[in-house]
Amino acid sequence: MPNNKKKISRRKFLVRGGLGTVGVVAIGSYIFRNPIRRQILGMANSMDMAYMGDTGNPMLWFEITKENSILLHSPKVEMGQGTFTSLAQMAADELEVPMHLIQVVHATTATGNIDGMSTGGSTSVSGLWQPLREMAATLREMLTLEAAKKLALQPKDLVLDKGTITGGNKTLTYAQIAEGVSEWDVPETPTLKSLKDYKYIGKPIPRVDLGAKVFGDPIFGMDATMPNMLYGTVVRPTKIGAIFEGADISQAEKMPGVVKIVQEPDFVGVVATSLTAAENAKNNISVTWKTPNNLNTEDIVAMMTVGNGKSTIIQKEGSALDEEEEEVVSLEFRSPIGAHAQIEPNGVLASVEGTRATIKIATQVIGLTRKEVAERLELDEENVNVIPTYLGGGFGRRLHTPHAIQAAVMSKAVGQPVKYFFTRQEEFQHDMFRPPTHHILKGKLNNEGLLEGLEHHFVSGDVGNNSAMIPSLLPTVLGADIGAIRGGFIQYTKIPNLRSTYWHVTLPFATSWWRSLGLLANTFAMESFIDAMAVKAGKNPVDFRLAQIEDDAAGKRLKAVIQAASDKANYQDDIKEGRAMGFAASVDAGTPCAQVAEISIENGAIKVHKVTCAMDPGVAVNPDQVRAQCEGAIIMGLSAAMHEQMYVEDGTLKPTIYGPYQMALMKHAPKEIDIVLLQGRDTPGAVGEPPLGPIGAAIANAVFRLSGKRLQEMPLKLV
Amino acid sequence: MTISLNVNGISQTVEITDGNTPLLWVIRDLLDLKGTKFGCGKAACGACTLHIDGEAVRSCSYPVKLAKGKTITTIEGLGNEENPHPVQQAWMEEIVPQCGYCQPGFMMATAALLDKIPEPTDADIDRNIINVCRCGTYYRMRKAIHKAAELSKSIETVKSENDA
Ligand code: FES
Ligand code: FES
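Heads up: the protein sequence lines correspond to chains B and S, in order.
Sequential numbering of the first sequence, starting at 42, is according to my numbering.
Sequential numbering of the second sequence, starting at 114, is according to my numbering.
Result set (DSS-like, lysine-lysine): computed pairs, CA atoms no more than 27 Å apart in a straight line:
no. : chain 1 : residue 1 : chain 2 : residue 2
1   : S       : K155      : B       : K280
2   : B       : K485      : B       : K597
3   : S       : K178      : B       : K295
4   : S       : K256      : B       : K609
For each label pair, taking beta carbons as the anchor points, the in silico distance ranges come out as:
no. : chain 1 : residue 1 : chain 2 : residue 2 : range
5   : S       : Q125      : B       : K107      : 35 to 43 Å
6   : B       : K107      : S       : I243      : 42 to 50 Å
7   : B       : M100      : S       : S267      : 45 to 53 Å
For the record, the hints were derived by calculation from the structure and aren't laboratory data.
For each residue, glycine too, the CB sits at the ideal point set by N, CA and C.
Chain S on its own, in the form it takes in the complex (with noise of 0.2 Å):
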């Protein structure tokens, strides 16, 4: 079957025999973006973590064939290094990563929860991020998580005072 999608700002199409195939798979394999990442295949861990129309998805197991029509965000498409989402940014201020495999999934997880409360508290990161960090990074974590509320926030000042 013939399936449309819209990957980090571009439109695709992609040839595929099973639409039951997880949507991982086609955005690693067919789309050859590698940046969202295998852990368990079960939801289970969230490093396959991106963004289906702003929502966190584990899309390892997330068929493909769900994802006719949608818009996708991957790591690549999330912020790059000469504009980095403000949750990269702190990621980087804070030296969040260890072997690092975990952390797509947790910046995907995280600008996702950044969307929906823009200050969260520590009780609503302990409700919200939820993946597997098998290196232990979650103290930086938490504070990078901090840091980036406080970098979107001082994004979006600017630009409404810009816009003003």
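One chain only, chain B, in its complex shape (with noise of 0.2 Å):
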């Protein structure tokens, strides 16, 4: 309603069970106590073990080519958030070479640079920021050196331009003076330019795969051809935990174009000539599955409701809340269960000859890719060279490629190069979902209207146990799930009294990374919470969350943030010609986000028309594609949280297929994206998941100011 001014009883606040139904006990160990997991938790939080590649030899990292370009063996996967185009801005300014000498291409297992940590988690650019510019500033000395040789003269006496080194009266192109070398002067580390000096770092050069993607050049997974190719194809249960016991095929040898069932103790494939000919194949293979159970949407939910499982307190300041206490106000929350619903499925092209083997595959995990089909191939890990393509979407689906496995033992078995993909009722149903969540949130203003006490209560399913991403170690020592606490941290710290506390649930299906991790969900409970919680306060939710924040190096990032977007939004609580704006904030993996929505009720559905960001993620190495990072985050932010939605029926994951998986289309996207980007500080820091976290509150924060409704549960849905 639009007088925000008048009080909300506690009654009305406890719109769905509330605690006096479901009793939150955080018995939880409190992760701080050690200081092993202080450290850890720091790290992971803040993403600092971003790269665990190599650091210290150029050659791994480029090539210079006959006709004077240079390849840039990228360690991390180009899945669309333009890290390519960033690295070439960082290569060309330390090589002092133009940006079009610069190509980047995906290094390949045989090639080299593999990066131990994956590509996820928003730090590709940030990681690479210090190794890649030393790589380049140290090759650039080294190709000094040598046409100082060759032209016998000083290094001091030779100038670089646009990959040409000129002393004397000669011009020598980098290409003329690497001609021939096997053996190089390496320099000590150089130092680094000053960001001021950089040409091509901080600008918004075009993304360098543009035309690729713009002509339609075959640079996917699922445009990799080899000759003699055949078309694999692996039948999938369509139950929740169904374990394979075994398979009539004598139907499916028999059809056109077969070329090979072939039985594994764990899965059964057909090989085919043809797509067509594996997939009718494949649908007259009857397989006999132990379906262990027949769960339906209300189990899963009662299974992820907080007070079940493990907990670990992951904040703590002061003392907990009272329940008893009048003035202590809580409120429930929930995220549905979420699919990746990338357009490229997974899929996988494998060639095994004797002992070597080739995969080339859209993966996020290309070092582990080649790790899984060595082991189960008993193949050297040399022998087996993982070639990464363009992903045609990763949002954190392809960090766990089975099917590579899959296809490898499939070419083995004929002989031949297998290319094998999921079809899209595959993708649904054998996604590693994003978990569900369900949140309590309990707080109590004191007497100046200012929270005295936080606590957030959460459980998820697991995000980073069991993965691949992190050290398998680290999950265990910090006895909390570092994907499904990022966001669960309240950035309040002027609160006295803290607590956030995570409880853990492992579900009868797999879940794992979705860009942004928990970041969407907590911050969706979280900063409702703290809208509800200025509401009651009678103070303008701004104002409300500034006053909160404490004026430390991250408190003022945090703080300019929420003013920026607050000014360029021109904030306001009223409601003017049918609209009204919601605010939220967060902090993801350090960067600070603030965004307003402005949306209005049509026909009874909510409709987003603006959405204002304000971001710091330090230095933006291509601020428009920070840009376009933003604009793609709150368009899919926006989709979680108002339309999509797996369900479970019968021991089934539902629905199937885009459409009925309902997800955000041209017309929902807001028609208006002003984006304002913040530089607290002189490194760059996480871009590609952080505008993923205010979306989902500041739309429900903007339907409680025009309706009333303090919308609980996403999707967000007004009936």
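From these two lone chains plus the hints, build me the complex, please.
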């Protein structure tokens, strides 16, 4: 309702359940008691462990071609986030060459520099910021030393310009300098240029992969081919937890185009001369599955309730709130199972010949894909070459690539290359889902209308636990799932009494990393609650937030984005011409972001017209692509917050196709997105995920201002 | 069966055992044109959109036998680096693609829309451009669609001036 000054009684807050019925007993062990856990948590949270590849050998990173262009072998994959462009900018600046001379390609496991950390967690640019520029500068100095030798001059007498080095009256290209050199003088790591001297870093350079993507070049995993390639497919169950017990292949074997039915202890696959033949044969295999359960959504919701599983206190300040106290208010929130739904299905092309294997694949975990194939086929890892392709979307889905193993097994069985990819139904039913969550927020205001205590109790399925992306030790040491707790910390550090408690439940189906991990759901819950408390306090939600953030370095940056978003959107509580605004902010992997959503309600449905976003990623290596990530994250977050939901019916995950799995389309995307970038530190930080945080809460808070309804469940619906 | 079709201005003949094979796989696997994408196989995402006799069609759900004698344009035939289609030009100017996988389908759908409605309103765009983009590039796409309309118009003007 427009008049927000009205006090809301406690009763009104307890819309669904509330603490009386749920009963939170926060008895978890406290993470910060142990100094090692504290340190690891700090690392995990700031994503400082962003890169684990080579930092010493420029030859692993760069190759100079005869035509004098420079190949940059990227240890990170390009999945849309624009990394290749930023990396090219960094390399060009330190190498003293124009952008068009840099060509970025994926490093294969054979060509070298493989990042043990995978591609994910919004770390590609920030993680390579130091090592890549250092390697580029080192190569530049190596070329200078070599040119000095060739020209019989001192390095200081040489001038570097656009991929050439000139001294005396002679000019040599980098290619000419490098030609025939087998031993290089390698200097100490040179001092890097200062930010203001960069020509490309900090500029909105067009994406380097723009042409390939606009003219339809065959750059994706799905586009990979090899001579004599066959098509493979694997029979997959439709029920959760189904265990393969055996298959009758007598019909399928005889079908046209079938080359071989591959039977393994854990799967049965078909290899055929065409995709259609493989699919037809697959549909004629009858498999016996042991299906352990017939779960429904209600069962999952019951499991996913605060108080179930094991708990860990991840944040603790002052004392806990006393539930019996009249002034303590609470609200519950839920988020559903989410699918990745990336448009390029998971797929792979595998060729196994004798003791060697070649794997072309869209993967976020190059090294792990290689290791898993090598292990299953009992090959030496050095003999398995993984060639990464561009990814038709990653979002965390491609951190798991068991399909590479299956394709390699099938290829070995038929002695020819085998291409295998998921159907869309398989994508939806065998996704590594974003786990559903449940949150209970509790708060108490003091006499000045500020929070005296705030608690966040939340439960999530696995995200980082059992995951490939982080060292397996990490979750164990930590006791908390570093993916699930992303965004789960309370950022209002001035509040004297704080608790954030994470409850861990493993679901009967696979859940894992989904762009921004816990951030979307955690921020939805916490920032909706903060909004509710601001309303209760009769305060403007922007001022309410600003007043409760400490003035330390991180706090200042958070305050700055909150202020900037509010100013830029001209945030107001009042409804104007049927439109209302909602405010939310979050910090993810060290990047603060605040958003204002402007909405109306049309024919009973929420319509988002405009989103204003202020973010401080530190140095924006490519500001245009940082903006693109903000726009994309806002739309993907809006899609997840307003439309998307998987459900479970009789042991089966549904829906299995776009459409029924509702996603934001053109008509749902805001027509205006206004982005303000701040630079609160002099290195690049996380970009791809942080702007996904605030959007759900910003929309829900706007809905409250317009309708008086506090939406507590994603997807946000008015009826 | 033997099927003759014209793809990007070139007459092609393909031998196929199953006439119900989706046109998409004939284009991708037999003719080796990989720009037309597979996303769902059920006409639900639009990644496989191409033109058949000038109409935008989701080729994953179009049996190849129906394409007999028809004229097909794929993203590779829409334009190229030297001579980009206004839609491709606009897409580059607005730096639309992220992962890029959905983009050919969107560009083909847009090119067909502009043929019918040269200056689409936002409502026309909302009604007609119903493909799925997971990276969420809709915001830039809308700008690019309006820009493509402008670019096409100026090309038309130059053409008619030349003709006059
Ligand atoms: S692949 Fe044809 S519509 Fe999705
Ligand atoms: S650009 Fe990635 S799905 Fe559209």
